[in-house]
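2 protein chains.
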Amino acid sequence: MNRRTAAIIGGGVIGGGWAARFVLSGWNVAVHDPGAHAKQDVLGALERARRSYPAIYDSMLPPEGRLEFITSIREAVVDASWIQESVPERLDQKRAVFETIQKHSAPGAIIASSTSGFRPTDLQNCALRPDEIIVAHPFNPVYLLPLVEVVQSDVNSPEFVNSAMSVLESIGMSALKVRTEIDAHIGDRLLEAVWREALWLVRDNIATTGEIDDVIRMGFGLRWAQMGLFETYRIAGGRQGMEHFMEQFAPCLELPWSRLTDVPELDGQLARKIARQSDEQSGHRTIAELEEIRDTNLVAILRGLKAQNWGAGKFLRKCEVGMVAVKGASSISCPMRTVERVVPPDWADFNGHMNEARYLELFSFATDVFLEAVGCNQAYIETGGSYFTLETSIRHLNETFPGARVFVDTWCLYGEGKKLHIFHSLLNEAGDALATGEHLLIHVDLLQRMSSEPTPQVAAAIETAAHAHQGAILPDWAVPKLSFNRTEAST
Amino acid sequence: MNRRTAAIIGGGVIGGGWAARFVLSGWNVAVHDPGAHAKQDVLGALERARRSYPAIYDSMLPPEGRLEFITSIREAVVDASWIQESVPERLDQKRAVFETIQKHSAPGAIIASSTSGFRPTDLQNCALRPDEIIVAHPFNPVYLLPLVEVVQSDVNSPEFVNSAMSVLESIGMSALKVRTEIDAHIGDRLLEAVWREALWLVRDNIATTGEIDDVIRMGFGLRWAQMGLFETYRIAGGRQGMEHFMEQFAPCLELPWSRLTDVPELDGQLARKIARQSDEQSGHRTIAELEEIRDTNLVAILRGLKAQNWGAGKFLRKCEVGMVAVKGASSISCPMRTVERVVPPDWADFNGHMNEARYLELFSFATDVFLEAVGCNQAYIETGGSYFTLETSIRHLNETFPGARVFVDTWCLYGEGKKLHIFHSLLNEAGDALATGEHLLIHVDLLQRMSSEPTPQVAAAIETAAHAHQGAILPDWAVPKLSFNRTEAST
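Residue numbers (this note's numbering), protein chains in the order written: chain W, 12 to 502; chain X, 12 to 502.
Excised from the complex, chain W in its bound form (with noise of 0.2 Å):
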């Protein structure tokens, strides 16, 4: 059994998915599907998640892992520390597959079952090893999506349990442990919820499914998708509280406001129609641009909330903290690589390029991993102290594709007292030149919005950065054009 080793047994939309979230997060993976699309299916995955997954990050995933596609369970399991079963939702034949799983497994490998609606005991029962049995249900986009459900029975021990949600969290995903198992978990009830509500609309012609999807997207799902329900409703409830909307509302469970209490027939008649009223509304995009467009969506809900530090993006800032930023960002080099990143699907303008306020959001990034190397990190920002930007300037060299790997070295031209120049290199893969940015800070007062002497410790570190800088030798298409002597701080 290696660590870092992914079986992945089932290639659909879900399987893909997994494949794609190990792959990137470094884990070697054996595909197992016999269907003749799956390898098909699997590689558009990938490819979908190279494209988003790390563009959700600003720091840099490990290198890929290995993806192969294996034709029998045994030689896709026998290696592996994690086997993922997303397999037809058929009782019998999971059951199936996890006696041929484990038959190979090695004693100790987690089989996570990626069941939307049965129970572990339902799925350990028959097993081998029934301890080694867990669900770990994901929600597609499997590889952007963070939320994976866990839920155990009373055979699982807890370190198992714990050990599972260390390797769910360590390929970035925020593992919420179901205490007790029911049919659907939690996610998939509160789906299903809406599901059957939405049939009866359908069905009764109270609205098509454009309609309804509008109702979301321009409605409730854009606080859902930052809040969730509960602490929305706090908030309606206003100054009197979460008891006194609860009262308020009461009355409503006893009104006829929901088709809940009956069931829809989902008979040929009302498939069709669903299907029909879903071609109008979406049937002139392919499947394959409608998961283009979801995922740059994703990307920038995911990015704005990171940048709110709010809910999935708080969680995306907390998985950072494990990632690397830049390779050896932490030691003043000459030049110092300060920037290492895809550039997100969501950047690209009218031009079909990278927008040139995001190269100055790159440059920024690249300064404040200089400042945080040379002490002025987040600690220090809370004592008062910071640098703002007097002056920039920017040079446009060659376009930037969204997708595109880039990189900034970063030289420290001047830095004494409460000056500070430095210079940026925006390059690419083949260490191609893009941009250059050049800036002008000073240090300030946070309090008094003041210029101001750095504390000695960050006043050393800079000079020490400046020397070590100082005669450098510049690449022939990066020509510094600020100085200090030209530029009064005016802050």
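Be a bit skeptical, because a hint or two may be false.
Note that the list lumps identical chains together, so a pair holds whenever it fits in one copy or between two copies.
Stated by the list, open to error - Straight-line distance between alpha carbons at most 30 Å, and here's what the computed DSSO-like set of lysine-lysine pairs gives:
hint: 1; residue 1: Lys492; residue 2: Lys430
hint: 2; residue 1: Lys188; residue 2: Lys284
hint: 3; residue 1: Lys429; residue 2: Lys492
hint: 4; residue 1: Lys284; residue 2: Lys325
These are computed hints drawn from the structure, not numbers from a lab.
Please read these numbers as outputs of a predicted model, since none were measured by experiment.
Model the placement of chain X on the given structure of chain W, informed by the hints.
Just chain X, lined up with the frame of chain W:
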């Protein structure tokens, strides 16, 4: 009856949100609510809306309307062309309010109820002019979420309903005409379904309120904010399509994946349990803090979707078509005012002020407005011509903070052939200079990705602009630093 005069009857969370949206859309608003806290609540909503609502647009809202608090319904409604009722959800109370309103309102005035549950027929019953009453059901926060459900009964004329839809669209709302009246319309049926299921999950100790919220916001809430339910599932169906997806999941409807076939008893014990869990989850923040966080998150999500021209973001862009980007920006004045906007709350960085990359975002937007004025618009870009930036210089003169109303004035310093040199000043409302941005641009052939001559029309318009700006005296803090003599076009 005055155009653009609204009466808000009931000034709670929903009424306050309506008042804020109308005022910020340039309507004069009279609020009637005898409650002790109503005035404070409505002013609080307006304050929050001022901070967030203008921030979702890149164009200017009209000047604010006047907000008044009126002690009698008669005086509040007598001049109003739109009367929004948001009193508590009790049918007798609502009917009494409609009776008083219609004694004094002008015939033809639109009376809209915010009811989440009642049908128009229920509300119209007993009314003096039932055909002037409809449902316009919004979602909290009313000043940010675009959705409003418009529900009619048989007594409302199509013209009346259409004119109500137009008014709602004119205040930035995405009005969905609900064709058939049912209890709770569409949105609240879906919400009620989730709510009932969530109550069971809490009651049965399966999950806490915090866990349920995390399931939503780490999982499907992120999908729903942009695509809703059916389009999301269409993708999950993959190449086999929507009908296959339906068939695959049909059996689940027969499974006990929901407790919704039964209704939980919302007794005091369950209400207290939920209130206690909600306190643990969110009680360390006041409602005002949560409102501010929610609104900033919504601004970030909406702006993210807007950049992708998708869902609620696509709708916001459509709203802007009818708005004035900048007063008089279509004509080439000297300087030309190219930006008038409020700094969005999500543009702040850890120093508490507008992040430096946002300065370039503003200047980049200002450049686009200038280019549009000289004929380099979307249609032109689609023919394969555009301008790329070669070099940028930014100087920071003063700090800028979220919520500030800022302006950009633009000079065309040079424009000949494919070369363009423009200079921007960022100002605050007092006219203080905050920063300057200067850009050298070159015309390109988007297909060849090489520099090229603009069309004669665009070249002539730019030369006219450069000529008009020639010899213009820049303010003394505006010091151009760039020149084409020092830069070779390298694209």
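Evaluation of the provided hints:
no. : hint               : verdict
1   : Lys492 with Lys430 : both (16 Å within a copy, 21 Å between copies)
2   : Lys188 with Lys284 : between (38 Å within a copy, 20 Å between copies)
3   : Lys429 with Lys492 : both (20 Å within a copy, 24 Å between copies)
4   : Lys284 with Lys325 : between (41 Å within a copy, 27 Å between copies)
The earlier numbered hints are all upheld by this structure, with none contradicted.
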